[in-house]
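Fit chain B to the known structure of chain A by using the hints.
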Amino acid sequence: MQELITLQKILYTIVGISLFSHVLGQSPPQADSVTRSLDEVVVTATRTENKVSNIPLPIQVISAKSIQLSGSQKLIDILQMQSGLVIANNPLGTALQGYPNPFGDGIQMQGLDPAYTLILVNGEPLVGRNAGIINLGRIAIGNIKQIEIIRGPATCLYGSDALAGVINIITEDPVKNSADFQVHYATNNTLGLTGSATIKHNKIALELFVNRYSSDGYDLDKNIYGKTIDPFVDYSAAAKLTYQINDKNKLTLSARYFSEKQFNNYIIYPESEPAIVTGTTIESDKSLFANWQHKVNGKLNYTTSLYTTSYTNNAAAFLKKSDSLYEKIQLTEWMVRPEVQVNIGKDPAALLVTGTGYSLENVNSTRYGSVKELNSWYLFVQKQIHLKEKTNIIVGARYDKNELYPSQISPKLAIAYKLQPDIILKGSIGAGFKAPDFRQQFLSFSNSLIGYTIFGASELSNGLETLQKSGQINPDINLLPYQQNRDLSPERSIGINLGVDYTISNHTVLKINLFRNDISNLIESYNLPFNKINNQAIYSYTNLDKVFTEGLEANFTYNFNKNFFLNTGYQYLIAKDKEILHKIREGTMYKRDPYTNVTTLVTKSEYKGLYNRSRNTANLRFQYNNIQYKANAFITVKYRGRYGFSGLNNFYNGNDILDDDREFIKGFVLMNATISKDLNRWEIQGGMENILNYTNKLLMPNIFGRSYFINVNFKLENKAK
Amino acid sequence: MKMKTLKLSMLTCAALVTGLISCGKKDTPKPTPTPVISQTDSIGTDFSSTGAYTFFSFKNNAVVARTDSNSTKWDFAFRFVNIIVNSQASGPGNVGVITQPGIYDDFKMAPETGYAYDTTSSRTAIDAGFTNGWYKYIDATHALIPKAGQFFVFRTTDNHYVKMEILSVTTNIPASNTEPPTEIWYKFRFTYQPDGSRNF
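The listed protein sequences correspond, in order, to chains A and B.
So in numbering that gives the first Met the number 0, spot 498 of the first sequence is number 497, and the numbers just go up one at a time.
So in numbering that gives the first Met the number 0, spot 33 of the second sequence is number 32, and the numbers just go up one at a time.
This is chain B alone, in the form it adopts within the complex:
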């Protein structure tokens, strides 16, 4: 968590610097737009398919306390390979998600329609099965590999648009080779458009 605060403050610094520079230019009276959050982050959770979810908010670029799970403060949550979005069976929000094939960097505009929701607790918007799901499971090494050329487009709980790509799934390295890990880490990047448009 410390790391995130540090990263966040660095981002704020960067924003400040940009701000200062633009202030230096006198001729443009344009309103300064809220900067786009473009962030690579990691969140960790228990290596357990039955434990609690870890919740995340794109807008705040932060993990949300589990006590707020029944609020609209979060957009999506991880638990082992399962991903839920804050909608219908999973939460009071109206978060929709599209599983989008293609190259993340080349994706410039979120679609208007086509968003999926967690209709029931066992039929979630994001497929987490090991053949059709968002990752590949490698039998031989038990590795979970996010599929390349696939990312997610979210319409967040505050009606903004986000593209998000999971980059890696890693676990802590147990003391012994045969011991299962206890923690699992998701590294992902996302771009949050604060002006409410569908452009990235």
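The shape of chain A in the complex, shown without the other chains:
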């Protein structure tokens, strides 16, 4: 408490200083401090460096500057303040009531679940999804150069999982000698220590980054034993070495390390008797990357790379009373991937890019029978065409061959047309796929408490046979029909984006994008029509559902004058299940009022779509720079409109679809503000997050109430050429 008060005092002092400087700041500004150039260079769209204006795709760039100005330490906090991106918890993760959430938080994009967005670091994928979610806490943000977000299928370049799009986190390149340190302190005894250094000597440059981040966690519900977010300690480290051997050859080596230790403490009821369980969950993520670029001539260059990454999650819980092991869960995923990419062409807007790679993946878990492998090779080709300074075209396709499912061809076509110098029309259509995950393929799990069994699709045949042989399935049941043709196909999508970028003036840009994603072959669990001898069901996975999401994204950027910057965004979203719509049309979708028990047909207008989607979301980013006093104010606001939650306040009407106002969670607003003061080599930041103090302990456990932080940054720079 004491420290909080101190923190508040410091903060108010900073706010005071800054208000003071704001008043004084009315004197004429001296220089243009807000970056006016909105044409950033990105790599995600073409796998080569390209200007945003050359790319006919909806692309968004979050700059290091805006991350730095926000003072935030968590990637998820930065992403959730962007328009159209919302945090999507796994519904299981929100209802665990004191149990550690094993899934982490993911990002919903264009209305699709976190499992449908590919997360890349420097163009290479992370592995280790839990229930489809990559825990974004694994990515430290202190050394991010920029975050590139592409909306719409990007499978044609990146393969599986890139259905809604790609979030590519690009880390700093070593370009000049410098050293940076940061101390971050925030509510809940959250401490972040960051250090980074860049050393450039002749042709060799090295970037080093270390971060330690820890927090006491917090408890949103005192009635439930254990904290909502358990205490944790994270360690991250990264190194990047570049060696410009000569004009034609460049070598890059990089390594990344992350580990998190969470201290769990919760209560269980093994035999209706409460027992306290304590333990730890240790998550770790390591990767190595080697890349050699060779320029053959002005028109031809190629890169050869080798990427390897591993992810482990080990949880061990002990009964406090007896100190005996209660549960141990282990998961290890590992991937190694050699790849060659060839770039042909002189004009960066008219390159031919082609590449091939082989991906070796394996997974080992206490819940899978043995080590499982998932190997695939792929080939991609993409051609950019630049016509008469007015038209940019991208046409490409990727072929993925895997042993476990039919090979996939994912084409893409994107066109941008400069109607006028300030109006660009953009249109793209692409196919995406998502390979069945390890759980859907390989799970072999029997619940010891209730006694049901779940088999991944490729385990089903053997699993059923084993159960019948051991007398757990009635010998009279003919298993044959359930052992054939049970292979899963990848989930498929077709995404269409149509948009316009309108540069209204030198400092005003409006971007509008319409999107539609049609997803088929969604993998769902189902129960077999017979039970085990103990009368409990057997479950497996099959391709079942079809859904679509569609909507509009709008983004408006405005530089008031040299010191004020404003960016605001809005997303309108509709996401529905096509099978439900079909049932409504044929008159077989019912609902039962829980109070009157009257059953009626659901009408088309009553059906509001998938749960956990907000029809309206909006965001605002406001930046004020005072040059004279070297101070900044940075405010971000995010509005998330109402969204459905199955079983809200125990309201059920018997169909598990969103068709009643009582199933909606009220919309909410998150607002953060940060003030920075530059003192030459030093910089001090103070901030307040969730100023409006929004909390929802059950459904949004990841949001703590109002919190405060201070950052002290120190920078040493030696401007070498």
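Please keep in mind that the hints were generated in silico from the structure rather than gathered at the bench.
Quick caveat: nothing in here was measured; it's all calculated off a predicted structure.
Any given hint could be a false lead.
The calculated lysine to aspartate or glutamate pairs, modelled on EDC-like cross-linking and capped at a C-alpha distance of 20 Å, are [unchecked claim]:
id	chain 1	residue 1	chain 2	residue 2
1	B	146	A	605
2	B	135	A	544
3	B	135	A	523
4	B	146	A	658
5	B	146	A	585
6	A	665	A	682
7	B	135	A	655
8	B	146	A	659
Just chain B, lined up with the frame of chain A:
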């Protein structure tokens, strides 16, 4: 159980009253038909997938003692999400059941054929799996919700026809949030046609 007796006696009262009124009318010598049992009821059982079944008779509108499980005194039984009917692998009766989509109130006649039986102990007439079964299981809250627009048509152990709809499944509320419940209650309504016809 007390509640049921009370409800039952109220029903008897209602029947008596109707009886009295019809007696008051002198002109019709028609035989008074046995009244249709239309009842909303709740039965409870252990929150356990391995415990004993709770048996029910439509005709008597009552829970049947577990000691009578091997008789034709019962029509169906509950245990956690499993429902068995008194036939083949489950009992000596010949109870058949149809899982019927539609609106309960609008359903006026039981089909003549198409009834399913508990052929083996692990292949019962009523599917109890959480995706294709008679209920929806809500992951986030662990709630079991009977599917709307779906009910059961029984041909009972005494060869009469019944339509039955499960309205809700509730559990007792444990002392603590993380503690599992111990009892589960099924609220259902049914209409028993005592004249042996298939009309409701």
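Violated constraints from the hint list, given by number and in increasing order: Per hint list: single violation, 6.
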